[in-house]
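> Going line by line, the protein sequences match chains A and B.
Here the first sequence is numbered in the UniProt record's numbering, starting from 1 and rising by one per residue.
Here the second sequence is numbered in the UniProt record's numbering, starting from 1 and rising by one per residue.
These are computed hints drawn from the structure, not numbers from a lab.
Just so it is clear, CB atoms sit at the ideal spot from N, CA and C, and this is done for glycine as well.
Keep in mind that a hint or two might mislead.
As the list claims (entries may be wrong) - Short derived list, chain A residues pointing at chain B, Cβ under 10 Å:
1) Asn201
2) Thr203
3) Arg226
4) Ile227
5) Arg234
6) Val235
7) Glu241
8) Pro253
9) Val255
10) Thr263
What the hints assert, rightly or not - In silico DSS-like links for lysine-lysine, alpha-carbon gap of 30 Å or less:
11) A:Lys24 <-> A:Lys358
12) A:Lys368 <-> B:Lys113
13) B:Lys137 <-> B:Lys113
14) B:Lys137 <-> A:Lys363
15) A:Lys358 <-> A:Lys368
16) B:Lys113 <-> B:Lys157
17) A:Lys363 <-> A:Lys24
18) B:Lys157 <-> A:Lys368
19) B:Lys157 <-> A:Lys363
20) A:Lys24 <-> A:Lys368
21) A:Lys358 <-> B:Lys157
22) B:Lys137 <-> B:Lys157
What the hints assert, rightly or not - Here are the simulated distance ranges between beta carbons:
23) B:Gln142 <-> A:Tyr160: 24 to 32 Å
24) B:Gln142 <-> A:Leu41: 20 to 28 Å
25) A:Val320 <-> B:Phe119: 28 to 36 Å
26) A:Tyr160 <-> B:Asn43: 27 to 35 Å
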Amino acid sequence: MATTKTETQNLSLKRESPLNRLRKEWAGVLILLLLAAFPFLFAWFSGTSVTDGPSRFWQGLMITFFIMAVYAMSYDLLIGYTGILSFGHAAFFGGGAYTMALWLTHAVPVISSRYRITLPGGANITEVVLFVAGILLVVLVVTLLGLLFSAASARVRGVYFAMISLAMAEALHILSKATDFVRWTGADEGLHGVPVPAWINPTQNRLLFYFVALAFALIMYLLVRRIVDSPAGRVFVAIRENESRVRMIGYNPVVFRSIAFVTAAVIAGLAGALFSLWNMSATPTMTGAIMTINALIMTILGGIGTLVGPILGAGLMQIVGQFFYQWFGPRWPLVFGLIFIALVIFLPYGVIGTWRQKRYAWKRAIQKMFGKG
Amino acid sequence: MTVEGEILLEARSLRKEFGGLVAVDDVNIQIRERTLHSIIGPNGAGKTTLFNLLSGMMRPTRGQVYYRGRDITNLPPHRIAHLGIGRSFQITNIFPNLTVLENIRLAAQALGKDNFRLFRPAGSFRQYEEKAYAVVKRVGLQGREFDLALNLPHGDKRKLELGIMLAGEPQLLLLDEPTAGMSSEQVPALLEIIHSIMADGDKTIVLVEHRMDMVMSISDRITVMHQGQILAEGTPQEIARNQTVQSAYLGELYGDLAADLEDKDGQR
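Isolated chain A (complex conformation):
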């Protein structure tokens, strides 16, 4: 028993000092600093102003990358960690985007023309309160959507669930295109010119929006990382590995699958809401099957079940995609598709996933060579 005790103490997580933690995650911190400095570095290197020209354009690309990275991570939580194959992820992203856009376009102007919310000092905070209310509304709507999906996943598994999730997302897609609601949603055209509050307006202050999107991505990454390492997150992984045994050792998989779904839905929904703010619009493409396929491509490209992988996948798709567009014109997805096929063949576990595996194999080979163990 004595040895067990010391082993436990050596191996388990001790409370680390924040400085020690920073040191361990130096790569992540470095990347974060680079991303934070990116607008200024770019302006400096290209000799342009931080607020317009190519700087502005590249900041825009990075903003899309940050939002897509969060969207891809939320998908990884389902496919990579919990082992749920869902083809309906666009429903959460588009649901969040439409909720925010509809709220800002139709509800906020009416409410703010009738009511004023002020602080005791007299400052008018109506706009901020209504914006926060919008975010809460997004969370509420996508939570309900997530519960709807998990209710379906309680009944059917695997490919059958994939089909049902596709059907449910398509239903929402059709709803977003329906001419019956053209007054509200703009039908095929979508909602454009969404009145985004001035303080977070991407056209008026893009640099600020850049940092909002970066902070959003950082917070969501830390949150998802926390969740997958939590007791509940470990059960997600166990469900992926062997659902029947999970049940036999005393967990109700239906409950845990629902938690995974709602979490993924809320994160994807928030990403969608930010995307609608960024584009100042909500369009049927955001609820469409292509949107789900994008999540799938980004996740597979980077490596499913790695969390960092989908971020990298989103980066590849947005940034490399932009270069491809410059080189190959509008046919760039064709080239990208060919490269995607090659990557899937040669890096079957995605960029990050394959790298992690190889690194492990190399480590073992080196240990063997030098006679350790």
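Dock chain B against the given chain A, drawing on the hints supplied.
Positioned in the frame of chain A, the structure of chain B alone reads:
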């Protein structure tokens, strides 16, 4: 070896049909507390199906299961696990891409109150990890803690299978052929684990097993199943002497064994 204790688990005219096939045919069985009760019988006798019914994995066509006098017939498996019934599988049923420690830790965590914590690292709940280490030691997997379960040799996978079950601290253990696929050299280690479980003094084991020498030596009571029905029940000596059992299952191969047991009886 005497039968002791209250009735812990009871099946009353339990029946399971698959289409036209009656896998478990109106079985009545009583498992008493703190005994090792073996269920034997040829392949297809319905032993595993009976386990599936007792552990909630399958719903019976008819009949009831009582645990400590409570009807658990239609409870889902995770609820049954929480009542203190653990089960191991004949076909190894583990979490292949997780480490040995995590396999066991998950089972230890299952019966705690922290399953729904989303924002604290699982590693900070030390009690489950310490429990997992103790179980690793108990089933003899020290040094293997950080190996992926899928990389274990077969014998160690069988130990892990038991470890996952033990981490849930069940009072009643349903062991479905724990030595399945093991070579005879690997069996003693497993036997030792079973002995250590019984040595706890508060555990009850129901064992399905094909190794007759093992069954005869460790069981307090044996039930023989044949074609979904119970053929005989009794102490190992009674079963070994039973003519019906001998002709139906044990056959000539175990005639010697029976004679052996008779001799021992005579010496006493």
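> Enumerate the violated hints, using their earlier numbering and listing them in ascending order.
1, 2, 12, 23 and 24
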